[in-house]
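Chemist: From these two lone chains plus the hints, build me the complex, please.
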Amino acid sequence: MKLYRCSGCGETAFELRAVCRKCLGEEFSEVESGEPETVVSSLLTVTPAGFDDAYTIAVGRIGSAGVLFSVPARSGGKSS
Amino acid sequence: MCLVKCIIILPHHRRMAAVVSAGFSRFGKRGEGILELSAESSLPIVRKFRDVIDFVIVSNSYSGEFTGMSGLNNLLTTYLSMDETPSMRVDNTSGSGGAALYSAVSLVNSGMAGSVLVIGAEKMSGKPTKEVTSIISSLLGSRERAAGPSLPSLAGLMLKLYMNEFSAPREAIAEVAVKNHINGAMNPNAHIQKVLTLEQVMQSPVIVDPLRLFEISPISDGSTSLLVVPDGSALSYTDKPVYVRGIAMSSESSFISDRKSLTDIPSVRRAGELALKRAGTGRPDLAELHDMATILEIVESESLGFFPRGQGWKAVTEGVTRIGGEFPINTSGGLNAKGHPIGASGIAQAAEVFLQLRNEAAGRQVKDARTGMALSMAGFGNSATATVMGVDS
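From first to last, the protein sequence lines are chains L and B.
Heads up, the first sequence is in our numbering, so the first residue is 1 and it goes up one at a time.
Heads up, the second sequence is in our numbering, so the first residue is 1001 and it goes up one at a time.
Calculated from the structure, these hints are not laboratory results.
It should be emphasised that the depicted structure is a prediction, and the values quoted were computed from it without experimental measurement.
In this text, a Cβ means the ideal position worked out from N, Cα and C, and glycines have one as well.
You can trust all of the hints, since none of them are fake.
Footprint (simulated), chain B over chain L, 3 or more residues, beta carbon under 8 Å:
1. 9-19
2. 30-44
3. 50-56
4. 63-69
Simulated pairs of lysine-lysine, BS3-like, Cα-Cα distance not exceeding 30 Å:
5. B:1127 x B:1194
6. B:1260 x L:2
7. B:1314 x B:1277
8. B:1260 x L:22
9. B:1277 x B:1367
10. B:1029 x B:1194
11. B:1194 x B:1367
12. L:2 x B:1130
13. B:1194 x B:1314
Next comes chain B alone, as it looks inside the complex (with noise of 0.2 Å):
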């Protein structure tokens, strides 16, 4: 009865964490280990807020495949000398920042923490290229393993098979690149910062047929934080919190060939769903999607619907995801430019639309960014994370 009772008068406050902060490093082959990588993007945020930091989530996933490091988030907690703030590392592979945000924003929001140091690292290029292809393989299927492919290769595969079913034109799928390439000579943390013409890069070398070198993050170190904090604390932070409107999670076979189709990725499909329906809106004002390969930027923004399906390439040639187009993605340069050091990527996409929403994303602004989403994916889609931040409480 009492229960009854309690649940008509309580408020239906809907509880919602932001983001009142960020931290970068720049991305690249660094000469620097994990720790101090990681230091360089969250000893900003660190310095401002270290009384009232009472969680540290670490999103990495391959500390002790590349740098032969285990218990990175208490490592790297001392290393701050924060030495008795509770900490966890977070891994779900190139998903890790998503699922590192989903936790942050768990804890905030169940009242289990105030204010989460979250930091996204991951240090790569001490490692040969054929090794790192190894490393991040692992996450296959045993079978499918044993067989030899990399990521991008499944790329290479989703790639014919799109262009094969929409009658979609090569270059168009490459136009992407030249995109992202602009974007990223525009952002000061990008890993390449160098603009591409579409000739470039059709004449760069074949890494999985048909896909080439530009087309391809490359192999990066790097560094981003947050701090996440509930939305009724958010302005004793800053002036200007970016808000967390829906945040979701969905899941698919891990088993490549357990997909009935590759080109459409339903765990993005049903996180986009999911996270724009918790945030009560539609298509976002820009988005930060998961382009590991060209063809991943395009495929994901129609499994968002952001595009009806088949229609993703046309919008990238008619310039409607560029910076000034209709519905700008990946203004940050993407994995593509920016670089993709697995365990901060999600984190920077975060910090992406962060920047744009708060008016700070320079000579790459979008005008009048109300509302945006990251798309944190891991593996071929074997789990993805959708975040939809927007301003105004």
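One chain only, chain L, in its complex shape (with noise of 0.2 Å):
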């Protein structure tokens, strides 16, 4: 999984700003990071539209980075 890194202190996040919160730097480098492991996870079945409509929604971690993914209903859900 993508995450982006700190230029100036090596921090990484899943969503890009244009100021680390670390150390206010305000360059960043995408880099791939690997997989995460999951925190939590929980099938959601009334989803958003674009969606399908039901799937697993987990929040993991990378190292210190937390993300938030997504996994497929195992049996597919329909777009609408």
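Modeler: If you want it as structure tokens, here you go:
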């Protein structure tokens, strides 16, 4: 999974900011950081428009960075 | 030199705003549009005080997305034939009401306005549920949004973590919905006016595992209005003013992936702490919290320091937070039963505290209530406004 790494202090983050929240640096690079370790996940069955009707949403970690991701439901949902 | 003298000579009068009137529309799936709903709650105030209202703040988040309307504040003042009255729309998503109240209090405390009408309104039921879910999810970070979470799904994650971390039984969380539906059934303006048993809550459909339908606020239309004036003139409007003793806002990263813990809400903690400090009081007599989902009421009650961390669920099962309990929470029915028309919610929370402190809450009246807190929350704690209100000047 891709993360944003601050060129100043090395802090990684899932979402890009204009300014690093740790060192206030303003330069970032994209780094491939491996797969997240799941902290908690949950099956969602009422989903936003444009998404499948059911999938799992999860919060995880890659090192010190939190990530939010989804995993398709095994049975597969239909798009609408 | 003069400056120093002036500071010493000036009396220490702390300005304080007062709420002197409240107006309500019934929350629910309503046929009327947003202007009509807004007029329903605000006209009773406007009829009485039209001549003195010198500013209108409209608390609304999604008039563009839900009703295809921009400039709602100006359209609304025109609709009320207050054509020349200055107005603004305050948007802070689900926390719009708290931010609008913060703005109104700031206007009267600074002397920039003498009588501010705050109208909270949202019209949501015109869109299908998937569309509503998508619109509300647009407050998330772009990459997080692309993963497809709904706001309730974040509460589902919070619930799992909370139960695991604090060994809270699943039923204890659902008891929040039972309590809030009992309260909502006594509120004539609530969307859902039906008492539910624990079994009915636990057998309702799962929306996001393990959260169930009756534990999540419904999609509602509605409006609530308040009139905010300086404390010095409050008694010329009513003999029962309710004073805003302390109001505070705080924010937290909008990115869920930045949160260190999902079982504490730092923005709520900070806003609550500061509002109570400004009010110079400890735990108030009652509180209206942002229960978009049952678990949020419990976590917020802990973040606000009303109960020790991990113990809020026990207060629910022991009846502490019921009407008649030691510290009633969400006597209005909360977002859970009263409904959650986004822009109106925060105003409706403050309006419930207003009614309670004036002893006008009828069947859901809390005995001897003198102080209360309304907690308005945006997103998943992206921002929070705590307002501490009290009677006795």
